[in-house]
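Novice: Spelled out, the chains give:
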Amino acid sequence: MKNEKEYAIVMNGVAKEFKVLNRREGLMGSIRDLFSRDYRTVTAVDDISIKIPKGQIVGYLGPNGAGKSTTIKMMTGVLEPSRGELIVNGCVPYKNRTRNAEKIGVVFGQRSQLWWSLPLIESFKLLKEIYLIPDDEYNEMMELYTSLVDLEPLLHKTVRQMSLGQRTLSDILAAFLHNPQIVFLDEPTIGLDVSMKAKIRELIKELNRRKNTTVILTTHDMGDVDALCERIVIIDHGKMIYDNDMEHLKTYYGSYRTLKLRMPGDVWEEEVIDESQTDVMSVISDYQKKGKILDIKLEEIATEEVIKKIYEGVAG
Amino acid sequence: MRKYSALTRAGIMQELQFRLGTFATIFGNLIYLTLIYNLWKAIYASAGTEVVNGMTFSDTIIYLVLATALFNFLEMFIVWDMSRSIQSGAIVLDLLKPLKYRRLKFFEYFGRNVMTFFTTFLPTFIIVFFITKGAIKIGLNIIFFMISVVLALMVNFYIEMFVATICLHTESTWGINIVKESIVLLFSGATIPLVFFPEKFRIVVECMPFRCIYDTPLNILLQKPGYTMDTGLWTMLGMQVVWCAGLSVVSRMFWDISVKRITVNGG
Numbered sequence: 001m002k003n004e005k006e007y008a009i010v011m012n013g014v015a016k017e018f019k020v021l022n023r024r025e026g027l028m029g030s031i032r033d034l035f036s037r038d039y040r041t042v043t044a045v046d047d048i049s050i051k052i053p054k055g056q057i058v059g060y061l062g063p064n065g066a067g068k069s070t071t072i073k074m075m076t077g078v079l080e081p082s083r084g085e086l087i088v089n090g091c092v093p094y095k096n097r098t099r100n101a102e103k104i105g106v107v108f109g110q111r112s113q114l115w116w117s118l119p120l121i122e123s124f125k126l127l128k129e130i131y132l133i134p135d136d137e138y139n140e141m142m143e144l145y146t147s148l149v150d151l152e153p154l155l156h157k158t159v160r161q162m163s164l165g166q167r168t169l170s171d172i173l174a175a176f177l178h179n180p181q182i183v184f185l186d187e188p189t190i191g192l193d194v195s196m197k198a199k200i201r202e203l204i205k206e207l208n209r210r211k212n213t214t215v216i217l218t219t220h221d222m223g224d225v226d227a228l229c230e231r232i233v234i235i236d237h238g239k240m241i242y243d244n245d246m247e248h249l250k251t252y253y254g255s256y257r258t259l260k261l262r263m264p265g266d267v268w269e270e271e272v273i274d275e276s277q278t279d280v281m282s283v284i285s286d287y288q289k290k291g292k293i294l295d296i297k298l299e300e301i302a303t304e305e306v307i308k309k310i311y312e313g314v315a316g
Numbered sequence: 001m002r003k004y005s006a007l008t009r010a011g012i013m014q015e016l017q018f019r020l021g022t023f024a025t026i027f028g029n030l031i032y033l034t035l036i037y038n039l040w041k042a043i044y045a046s047a048g049t050e051v052v053n054g055m056t057f058s059d060t061i062i063y064l065v066l067a068t069a070l071f072n073f074l075e076m077f078i079v080w081d082m083s084r085s086i087q088s089g090a091i092v093l094d095l096l097k098p099l100k101y102r103r104l105k106f107f108e109y110f111g112r113n114v115m116t117f118f119t120t121f122l123p124t125f126i127i128v129f130f131i132t133k134g135a136i137k138i139g140l141n142i143i144f145f146m147i148s149v150v151l152a153l154m155v156n157f158y159i160e161m162f163v164a165t166i167c168l169h170t171e172s173t174w175g176i177n178i179v180k181e182s183i184v185l186l187f188s189g190a191t192i193p194l195v196f197f198p199e200k201f202r203i204v205v206e207c208m209p210f211r212c213i214y215d216t217p218l219n220i221l222l223q224k225p226g227y228t229m230d231t232g233l234w235t236m237l238g239m240q241v242v243w244c245a246g247l248s249v250v251s252r253m254f255w256d257i258s259v260k261r262i263t264v265n266g267g
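Same order as they appear, the protein sequences are chains A and B. Heads up, the first sequence is in the working numbering, so the first residue is 1 and it goes up one at a time. Heads up, the second sequence is in the working numbering, so the first residue is 1 and it goes up one at a time.
Rather than coming from a laboratory, the hints here were simulated on the basis of the structure. A portion of the hints provided could be inaccurate.
[Said to hold, decoys possible] Taking lysine-lysine and the DSS-like style, the derived pairs with C-alpha atoms no more than 30 Å apart in a straight line are:
#, chain 1, residue 1, chain 2, residue 2
1, A, Lys19, B, Lys100
2, A, Lys54, B, Lys100
3, B, Lys100, A, Lys211
4, B, Lys137, A, Lys5
5, B, Lys41, A, Lys103
Please read these numbers as outputs of a predicted model, since none were measured by experiment.
Chain A extracted, bound-state conformation:
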């Protein structure tokens, strides 16, 4: 077993509940809601226990509304857990929000933490002051950035003039600037084109490697997961339903293949087959009875399909 100190994040039976007003329908209902005391409790995160070692890139996945963001907000100290124990970098985040904030970096793909109307370099200088980054470390980081991306044209652009890709790239650089121990990336590649996605993934990977930064990544893009994650944690309805490394995921679902058949009328039929249960030939012969098969493809199952199976397995 590892020493507790080697973990960036330790969660022990963490849960978060919200009180939500039961809303009524219609105008009269809305008026009655003004005086209502009719609350129900919603459990957004339910009994999650994980330990994340330093330097690991963890994919934190789950369908929309599964409780990912709530977990991240607890880890960053914005929300207080209703139950359970949560230690980040050796301290309790919500009790020491500002101190915890010095040692973490955050990127939300959908919003920017940079100063909207200022050139990027000014945002960097501000962050340097806010996080009290010493001159030499700041310069070292800027050198590293220059070697990794084409930084010069971005520095003197105001953030509002940037394209989404440039902005996301800048946001990631800003999040790593104070050399945090943990960086939270919430859908960093959302809305980006293929080449920008690749660039961003490359950058995250390189920064993780050079600085040994722990990265918690939430995403709906399995390309991100394939490119970056060593381990994945999947939650749904607030409960943890999977926690293991990527290799395990591949071997566990390795017996799955995707069979694609081109049927008359140029329709591609897709079938995910578990080879330990059914054999591919019997499926093909089933299809043959329906009509002439024009073409056949047999593919390794994509991560996307595996994740889909896990989501559906629990929901269904």
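For chain A, the structure is supplied; the task is to place chain B on it using the hints.
Specialist: Chain B in isolation, oriented as in the chain A frame:
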């Protein structure tokens, strides 16, 4: 402290990005001041005397012109900003900075206030000073005015912050903000000098913190009786300090309790 002064610098730079806004404000003020001028001219004409409540027509106009300039200078939009960032969920980004949220907001706004001082208040003051040819005495009162204005700025900030904190509970603040704005503008002496208020009402208003924002610094600048070194300057400044301290504690406590129930929308 270095962290926070950097925020002030950023506030100044951001304010400079929106130059057109400054011109729009000046234009809006000209219209407002024309209205004020004619309104009070009518009031003085119907009063039939040169001096009403111890103020001549030009005293009143000087006061109101400077009050408008001071209003542009001190104006903060914390309530709007905060309710918007709570509704969009963007507040989480500020909460994730290694800074105290209230202090972060204060110093960000302070940067803007420094800029608006130079773009709106100072030019207006200089113009009024030369047009009125010596109606405003310049001396130590300028220094006391500066001290008083900083205190006014802080009182204003604490009131703003207190109302903004209500957003955390209601998630909607339009109505509350309108009420706050009306109360502050009326009870602070920004729209009507306090001496024009009916006696009993005035005594009540003078016991409230709002006067610290406009009435106190302006009358110190204009050296009105009751606000000069011989006649109660220290009481007035003392009152500002006391309100400042009191409101700081109350608004901070309210924030500390409220921030716990934050839910942060979106994502």
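Novice: Next, verify each hint and record whether it holds.
Specialist: Tested hints:
no. : hint                : in the structure
1   : Lys19/A - Lys100/B  : holds (27 Å)
2   : Lys54/A - Lys100/B  : holds (28 Å)
3   : Lys100/B - Lys211/A : holds (28 Å)
4   : Lys137/B - Lys5/A   : violated (68 Å)
5   : Lys41/B - Lys103/A  : violated (62 Å)
In this structure, the hints that do not hold are numbers 4 and 5, in rising order.
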